[in-house]
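If you follow the hints, you should be able to join the two separate chains into one complex; please do so.
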Amino acid sequence: MAPREADAASVAATFEVLVRPWVDEMYRAAAAIVGEADARDVTQEALLDAWRGFDRFRDPERVRAWLHAIVANRSRKHLRARRSRPRIVPIPNWPEGSVEDGSTVLAERDRLDRAFELLPADQRLTLALHYALDLSVPQVAAALSVPEGTVKSRIHAGVERLRAVLAAEDTQ
Amino acid sequence: MNDEERIRAYMHGRSDVPVPDDLHWPTTGTVPRRRWSISSARAWGRLAVAGLVMAVLVVGVLSGLQMPTGPGRPTTPPTSGSTPSTSQPSEASTSFPSEVAGLPVISVAHAVDLLRSGKLDGQAVAVAGYYQEVNPSCPAPFGYIGPLQGWCRFDAFADTQAGAQLCQPEGSNGMSCHQPTGTYLAPFFMSDTSGNVWTWLTAGATGEPAALVLIGHAGDARQWQCTASTQSECANAFVVDRIAWAAGGDVPLAAPETGDQQSGKLITPKMTLAQAVAAAGFGDNVVAAAAFRAGDIATVDPRWNYAGDNILWLVRSLGQGGPSQGEETRPETVSLVDDATGRLIDSHSLKLAGDYQPARLWQMAIVHGLDCCATNDFAFYSVQSDDGTKVHEGMVSGSRSGENGSTTFGGSYGSGPPLVLPAGRYSITSWLATYDGGAMGTPRDECSTQVTLRPLDNVTLDADYPAGQACTFRPAPSPSPGS
Numbered sequence: 000m001a002p003r004e005a006d007a008a009s010v011a012a013t014f015e016v017l018v019r020p021w022v023d024e025m026y027r028a029a030a031a032i033v034g035e036a037d038a039r040d041v042t043q044e045a046l047l048d049a050w051r052g053f054d055r056f057r058d059p060e061r062v063r064a065w066l067h068a069i070v071a072n073r074s075r076k077h078l079r080a081r082r083s084r085p086r087i088v089p090i091p092n093w094p095e096g097s098v099e100d101g102s103t104v105l106a107e108r109d110r111l112d113r114a115f116e117l118l119p120a121d122q123r124l125t126l127a128l129h130y131a132l133d134l135s136v137p138q139v140a141a142a143l144s145v146p147e148g149t150v151k152s153r154i155h156a157g158v159e160r161l162r163a164v165l166a167a168e169d170t171q
Numbered sequence: 000m001n002d003e004e005r006i007r008a009y010m011h012g013r014s015d016v017p018v019p020d021d022l023h024w025p026t027t028g029t030v031p032r033r034r035w036s037i038s039s040a041r042a043w044g045r046l047a048v049a050g051l052v053m054a055v056l057v058v059g060v061l062s063g064l065q066m067p068t069g070p071g072r073p074t075t076p077p078t079s080g081s082t083p084s085t086s087q088p089s090e091a092s093t094s095f096p097s098e099v100a101g102l103p104v105i106s107v108a109h110a111v112d113l114l115r116s117g118k119l120d121g122q123a124v125a126v127a128g129y130y131q132e133v134n135p136s137c138p139a140p141f142g143y144i145g146p147l148q149g150w151c152r153f154d155a156f157a158d159t160q161a162g163a164q165l166c167q168p169e170g171s172n173g174m175s176c177h178q179p180t181g182t183y184l185a186p187f188f189m190s191d192t193s194g195n196v197w198t199w200l201t202a203g204a205t206g207e208p209a210a211l212v213l214i215g216h217a218g219d220a221r222q223w224q225c226t227a228s229t230q231s232e233c234a235n236a237f238v239v240d241r242i243a244w245a246a247g248g249d250v251p252l253a254a255p256e257t258g259d260q261q262s263g264k265l266i267t268p269k270m271t272l273a274q275a276v277a278a279a280g281f282g283d284n285v286v287a288a289a290a291f292r293a294g295d296i297a298t299v300d301p302r303w304n305y306a307g308d309n310i311l312w313l314v315r316s317l318g319q320g321g322p323s324q325g326e327e328t329r330p331e332t333v334s335l336v337d338d339a340t341g342r343l344i345d346s347h348s349l350k351l352a353g354d355y356q357p358a359r360l361w362q363m364a365i366v367h368g369l370d371c372c373a374t375n376d377f378a379f380y381s382v383q384s385d386d387g388t389k390v391h392e393g394m395v396s397g398s399r400s401g402e403n404g405s406t407t408f409g410g411s412y413g414s415g416p417p418l419v420l421p422a423g424r425y426s427i428t429s430w431l432a433t434y435d436g437g438a439m440g441t442p443r444d445e446c447s448t449q450v451t452l453r454p455l456d457n458v459t460l461d462a463d464y465p466a467g468q469a470c471t472f473r474p475a476p477s478p479s480p481g482s
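So the sequences go chain by chain: A and B. Sequential numbering from 0 applies to the first sequence in numbering that gives the first Met the number 0. Sequential numbering from 0 applies to the second sequence in numbering that gives the first Met the number 0.
Bound conformation, chain B alone (with noise of 0.2 Å):
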């Protein structure tokens, strides 16, 4: 043994301790002094505890089920047991139609196969299966989480109940729950869903997997809300369009309730859905439709990106082919109407164009001086493009954390999405200013930067707000989302 073995193995063998058992675990204690706070609902909507806090945490972690510790999630499916068929599921106590909304009903296994080769990518698609989700008590999220990117959520739309089935009661508390097996999708139900999928999940979660006909897509737009890193994983993304058929029986398109994501109040259109379908000359063609706040959009579509507090109708409906063509998937086409007027303001193709490079633009704020997180001060941004057009305004959007003194908006413990811009030069402008109710206060501490984003930039800005003063941009801290 030469001499580094034997300064090893010395080394080794003070390491080489039996570990005592009975160490203090620390939580039992008060929680950490900083404060946090999440802004975003639809991260809130995630951390939503329903009914399954700790029995699912604690029966689950012992049964198997893998609690999660970072971002993710199989939204590619794996690829054991998996059984392509263009036949329907083969489930003999469901009879899943042949066709909704003008497309054939294919099965989870097909509709893996063509989400794997690309051919979801902006096409819709209608899949029969069983679905069921277990909503485990979720920690916060250590940093930025994509808009298509799974954070604590353990769903499967399976071809078969027993696929889709994650949970079993176990004792007189709790149950036991396990990972997805088989082929599955991992559906993402978004604000611009048409159906609300809790509607047929009666029985919690250790009921019976719901059958459910669902429209959807893959290659969403807002795979550019998710990092770099992360967007191939959002880009594979089942998004949900539409639930189609449940419980027996079609299911009508409705509008989904939606909120204005800065106030969280809901918004209150003034076309019916119908009216919007029928102003727009969509027929029966469309497949959702949804009211959004116009500074908001971009958080459904981000190739449009509008300031303004005014209602618009984003319509998506399929294009032609369909079983009479023989073909499975419709290409979808996106289009934006003015509740106020019922004008057709724009539309697009769902699937991205194939020269589409954006740059992502984040945004973070540092306010000294400022007590976390009791206040109702904000951080706010504006981005105008070189036209002069007002591209967003709003509040930082994400957490805010921090301590006595120094709060943080936004940032890579919590930022919200990026603006997802064209190339091209913008002027920025933050600002601090009181929320109330909706209604922002007066501006104070404003500071004003220029930025040229090249394709594919990812650049994180950070307004700097000394106690009482006007605020400075700086390079972002590190990490930083767009690091």
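The shape of chain A in the complex, shown without the other chains (with noise of 0.2 Å):
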């Protein structure tokens, strides 16, 4: 017998053909976590970690989880780096044929923002899967390899801190 050494382009098609399929999923999931002005940076550096974590990577089924998890972690590294540093948010693109009055959305949207980039990163990674991108808790359970419970309790405790927002923009 003569083992052989793995053939590099397969593995590079391998990853193309498991990985591409995701690559705006995880472009939204990072805009969601950590804003679209750092949307790109995070999701380059995750596609990074997951080429070089490849090797690791065992069940094309989790693919999706994978990935989230991936840009989930790369995501809570950019957090953590960017408190130390000058944050630049950008004026949202609102959709639109909007109803309502656009100063009144923009506004609600900027406190949203504040609130919502105050959130412990944990909440923020949840909220964003969940919500962002309609996850269930089982799914962003197992991205984010944490309980059920745990899921549940960072939405419940996310939600009522930009609740307590909506509800002072209110009473305004």
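Calculated from the structure, these hints are not laboratory results. Ideal placement from N, C-alpha and C gives every residue a C-beta, glycine not left out. Don't take each hint at face value.
To be verified - Heads up, incomplete: computed chain A residues facing chain B, CB under 8 Å, no partners named:
1) 21
2) 27
3) 28
4) 127
5) 130
This is the structure:
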């Protein structure tokens, strides 16, 4: 028997087939967690992390959860690093045709942005995966490697914080 | 809009952003650090690229061919376009024989019907049709692929040439491929198959499909070497005993070239095929015969578990039936003949007994302090039944993977097939040794354990080797192929 080294091109092709379909979702997840301004960096770093860790990846059926976990980890690191540098908040692109007054909508979003960015990183990750990507609680739990109960409590805590912002806004 | 809906809308707004199309794709750099290799000749045979590397990958994807992203393929043929018939294929250009080896020749559609109804389990049937296969550049499988599971293979055995034609030339260098449509079989040509399909696929993927008559069966015992979750897929695999007719003429029975599955060395039996058949008294009813190392027999029929390097002939022969009895299938018997003496060692029906409920024993080893994968160090296992009979001895099959300072043999990433053993109590021993040119070095760091297997058990044994120390058995890391 003559064991052979793996064909690098085959590994790259496999990575391409498995990961490419999820790049858009990775980017959107990153945007939801860290904001659009930093989503590119996070996605780029997450792709690199995925490639570097591809040798340890075992189950192609779990590729989506695996990539979510990588985006979450990279986002967490990014948020940690960002605490020490100035923050640039982009002006959001609000969809056309909103029936609400634009200034009100922008104001609400701005308040929610500020509240969201004050949330602990784990709550941000959880809310982003659950509400922005519409992942179920079990899916979020799998992506973040935490029990479902933890996901529920983080969602609850995060929603309460954002709800408080909305309540204050509604009373104005 | 309630608060939760507002929060959901807000979160959607955060993620509803245009995705840049110029993200740097990371694979243009170096490949991941970890190295791995696949030691199974079968696996590498499937990974072999037959000149279709990226052309098929790229053009195939563009033209709708679904490149594999995981194990599996349609071994149970699709229902669309099925036209059951007892007649031969209607292709005007080919005149198939009406009978081969005492079996009436039937169409693919008819064979599919028989397969679906379970009438091919352990029964031989002769099927005429056109065969084409494409071998794209294959990634390594992520996890265990059973011997009768498709991995990265696109082929079709269909009643018409058009039904089997999978690729067309496209442009100057590429080709356009598609998955087979209509009713087809996806036959498995195994190490025990008499006849080499490549002999008749002279024009490659874009040539005309080969007109063949195949003798084969379903319900092969190797289904037990698939995982429990894929066993039914493997049970429905159409396994070719013999290519009986091709290129307008009968193909004589021939013993396929076989290799020692551990060393890769060619098996050179003392007896000829004719001598083996004559010695065992099978006469003209033999449909396939091949010589194997005794320790490899279980890879062809897992009901026989032997250890040792002596050579045995595995012979499949037809039972009573056939056209004179108005039957289109005939039961097969599989027998073992000792190459050294010509003695018939054992035989049984190819069809599995209804109460056959063995256990699967998977093996792996993790060796710390051993750099992967340049050395000639390998992990070995032996298995002894309660009566003292050694039922297996050999290298941990499958791939080895790891990095500097750690090597894993087998395991979920690249396990070899499990041992398929009757329920009972077994003594297991694992050790490390060098392996060069088919010769094992002095065993070291050995450890032993005992395991009791119950019917249908899925047990993975992991021998863990601390650097330079004797191993200990421990629960296999999850996921393991047996989990």
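TODO: Classify the hint on residue 127 of chain A as holds or violated, based on whether any CB of chain B lies nearer than 8 Å to its CB.
DONE: Since the shortest Cβ distance to chain B is 6 Å, the answer is holds.
Is the interface hint for residue 27 of chain A satisfied, with its Cβ closer than 8 Å to some Cβ of chain B? holds (4 Å)
_Just to be careful: measuring from the Cβ of residue 130 of chain A to every Cβ in chain B, is the smallest value less than 8 Å?_
With Cβ-Cβ at 4 Å, under 8 Å, it holds.
query: Against chain B, is residue 21 of chain A within 8 Å by beta-carbon distance?
result: violated (11 Å)
| task | Grab the minimum C-beta distance from residue 28 of chain A to chain B and call the hint holds if it beats 8 Å, violated otherwise. | result | holds (7 Å)
Hint compliance for this structure: hint 1 alone is broken.
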